[in-house]
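Colleague: As a plain string of letters, each chain reads:
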Amino acid sequence: MMGAVGRFFAAIGHPVIDGIERLGFASRFFGLILLRSGTSLLRFGLVIREIFAAGVLSMLIIIVSGLFVGMVLGLQGYRTLQTYGSADSLGVLVALSLVRELGPVVAALLFAGRAGTAMTTEVGLMKTTEQLSALSMMAVDPMARVIAPRFWGGVIAMPLLAAIFSAVGVFGGYLVGVVLLGVDDGTFWSQMQAAVDFREDILNGVFKSLIFGCVISAIALFEGYDAPPTAEGVSRATTRTVVTSSLAILALDFVLTAFMFIGV
Amino acid sequence: MQRGVLDLWVGLFVAAGLVALVMLAFKVGNIGTANMSDTYSVTAQFDNIGGLKVRAPVKSAGVVVGRVSSISFDDKTYEATVTLGLDKRYTFPKDTIAAILTAGLLGEQYVGLDAGGSDKKLAAGDKIQITQSAIVLESLISQFLFNKAANGSAKSEPASAPAAP
Chain A
31 MMGAVGRFFA AIGHPVIDGI ERLGFASRFF GLILLRSGTS LLRFGLVIRE
81 IFAAGVLSML IIIVSGLFVG MVLGLQGYRT LQTYGSADSL GVLVALSLVR
131 ELGPVVAALL FAGRAGTAMT TEVGLMKTTE QLSALSMMAV DPMARVIAPR
181 FWGGVIAMPL LAAIFSAVGV FGGYLVGVVL LGVDDGTFWS QMQAAVDFRE
231 DILNGVFKSL IFGCVISAIA LFEGYDAPPT AEGVSRATTR TVVTSSLAIL
281 ALDFVLTAFM FIGV
Chain B
14 MQRGVLDLWV GLFVAAGLVA LVMLAFKVGN IGTANMSDTY SVTAQFDNIG
64 GLKVRAPVKS AGVVVGRVSS ISFDDKTYEA TVTLGLDKRY TFPKDTIAAI
114 LTAGLLGEQY VGLDAGGSDK KLAAGDKIQI TQSAIVLESL ISQFLFNKAA
164 NGSAKSEPAS APAAP
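Same order as they appear, the protein sequences are chains A and B. The opening position of the first sequence corresponds to residue 31 in this note's numbering, with each subsequent residue numbered one higher. The opening position of the second sequence corresponds to residue 14 in this note's numbering, with each subsequent residue numbered one higher.
Any given hint might turn out to be false.
[What the hints assert, rightly or not] Cβ-to-Cβ under 10 Å is the rule here; a few derived chain B residues that face chain A:
| id | residue |
| --- | --- |
| 1 | W22 |
| 2 | V23 |
| 3 | L34 |
| 4 | F157 |
| 5 | L158 |
| 6 | A162 |
| 7 | A163 |
[Unchecked claim] Label-pair ranges, simulated between beta-carbon atoms:
| id | chain 1 | residue 1 | chain 2 | residue 2 | range |
| --- | --- | --- | --- | --- | --- |
| 8 | B | L150 | A | L90 | 30 to 40 Å |
| 9 | B | Q156 | A | T110 | 33 to 43 Å |
| 10 | A | Q112 | B | Q145 | 41 to 51 Å |
| 11 | B | I110 | A | G216 | 53 to 63 Å |
| 12 | B | K101 | A | V102 | 23 to 33 Å |
| 13 | B | S83 | A | V94 | 44 to 54 Å |
| 14 | A | G75 | B | A136 | 57 to 67 Å |
| 15 | A | L65 | B | S83 | 44 to 54 Å |
| 16 | B | L150 | A | V273 | 31 to 41 Å |
| 17 | A | V94 | B | L21 | 20 to 30 Å |
| 18 | A | L280 | B | G63 | 52 to 62 Å |
| 19 | B | L31 | A | S163 | 37 to 47 Å |
Calculated directly from the structure, the hints in this document are not laboratory data. Just so it is clear, CB atoms sit at the ideal spot from N, CA and C, and this is done for glycine as well.
Full structure from sequences and hints, please.
Modeller: As structure tokens, this is what we get:
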């Protein structure tokens, strides 16, 4: 009897304790990245390599999805706005929804899928094949040489990708709204310019994507570093990267939006 | 060796990102148009400003000539004090009328300036003497309804008066 109850509490307690331990390790890992990034920022070539891996290689998917998201916004917005006879405000709708929300969030979700998984797998396989241990053996700190440059590469690439996404999306909305559906060219841009504020809307969007870049890179690198050194372990870590960072992006987006636009 | 090609791509990427940001700032946002180069401020007092907000446009003859720079409450006169930042390029006569108007039926509110005939010009720090408050739609509707009700009862009274002996 006692044994069954004991097993029951053990079954509940083990994941909880395990989770708290992981959280503690993750926090320590994040602190260590920031602490060791001094050397990697001095050797900026390392970071540039990672900007290439995280940013340049993600550019195609970002541009194509941005274009299509903008085009869909143009179509949907035009239909709805026309019901109220205000199809002229299409530019406002497209620009505000892209710059405030869709740009940072969708770009971050794509970034997590495109670049975050690559980071996790790379670091996880480096750990599995004991390259990280080999670096330590040669007195090269893997945190400074491998982890920190990838982190900063992600942090720098993310806001640029989000800006490209928004700009291409606005262009997509323009293509559908003005070229295809015949909204007036001048009103499209002038209403947009009257409604979008540089600091309130655009800079807040950039700030959002900067935070998303930090979170995605930190989660991806941690999952890779923490992965069990087996084929299965790395694959599960990659899955966890996508799931955790997507949830983190959406939850954080709510919190950040509440802070920025409502001013809680 | 490979470094050169890599740098080229990263440079292109960073340049594309910055171009996107600049385009967002100037083409999508209002950083280029909203920045009035030089402004001078005049104040105006209103009984009721309705839904006027800071940064709302100040228009004269439909042209944006400035922006509302601050709104405060004066507890001596119990009126709203609105500070207008007007573009230095434009001057207005001293007896200009400031009115709070609405763009369209439900649109945003702005300050309209109607130039007067005085020879003296408004200078920085001056106060616009003649103002016209915002029309609050609710009070307009309730006024209309009360009038209607008053008229209705006035009309029904003579009809019912002969019935009473």
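Colleague: Run every hint past the structure and note whether it holds.
Modeller: Results of checking the hints against the structure:
1. W22: Since the shortest Cβ distance to chain A is 5 Å, the answer is holds.
2. V23: holds, 5 Å
3. L34: With Cβ-Cβ at 5 Å, under 10 Å, it holds.
4. F157: Hint on B:F157: violated, closest Cβ of chain A at ~25 Å, above 10 Å.
5. L158: violated, 27 Å
6. A162: violated, 33 Å
7. A163: Where the cut-off is 10 Å and the nearest Cβ of chain A is about 36 Å from B:A163, the hint is violated.
8. B:L150 - A:L90: 30 to 40 Å: The hint (30 to 40 Å, Cβ to Cβ) is violated, given that B:L150 and A:L90 are roughly 51 Å apart.
9. B:Q156 - A:T110: 33 to 43 Å: holds, 35 Å
10. A:Q112 - B:Q145: 41 to 51 Å: violated, 36 Å
11. B:I110 - A:G216: 53 to 63 Å: violated, 31 Å
12. B:K101 - A:V102: 23 to 33 Å: Check failed, 45 Å falls outside 23 to 33 Å.
13. B:S83 - A:V94: 44 to 54 Å: Check passed, 46 Å falls within 44 to 54 Å.
14. A:G75 - B:A136: 57 to 67 Å: Check passed, 60 Å falls within 57 to 67 Å.
15. A:L65 - B:S83: 44 to 54 Å: About 45 Å separates the Cβ atoms of A:L65 and B:S83, which means 44 to 54 Å holds.
16. B:L150 - A:V273: 31 to 41 Å: This hint is violated: roughly 50 Å between Cβ atoms.
17. A:V94 - B:L21: 20 to 30 Å: Roughly 22 Å apart at Cβ, these two residues keep to the hinted range, so it holds.
18. A:L280 - B:G63: 52 to 62 Å: violated, 38 Å
19. B:L31 - A:S163: 37 to 47 Å: holds, 40 Å
Figure legend: structure checked against the earlier numbered hints; hints not met, in rising order: 4, 5, 6, 7, 8, 10, 11, 12, 16 and 18.
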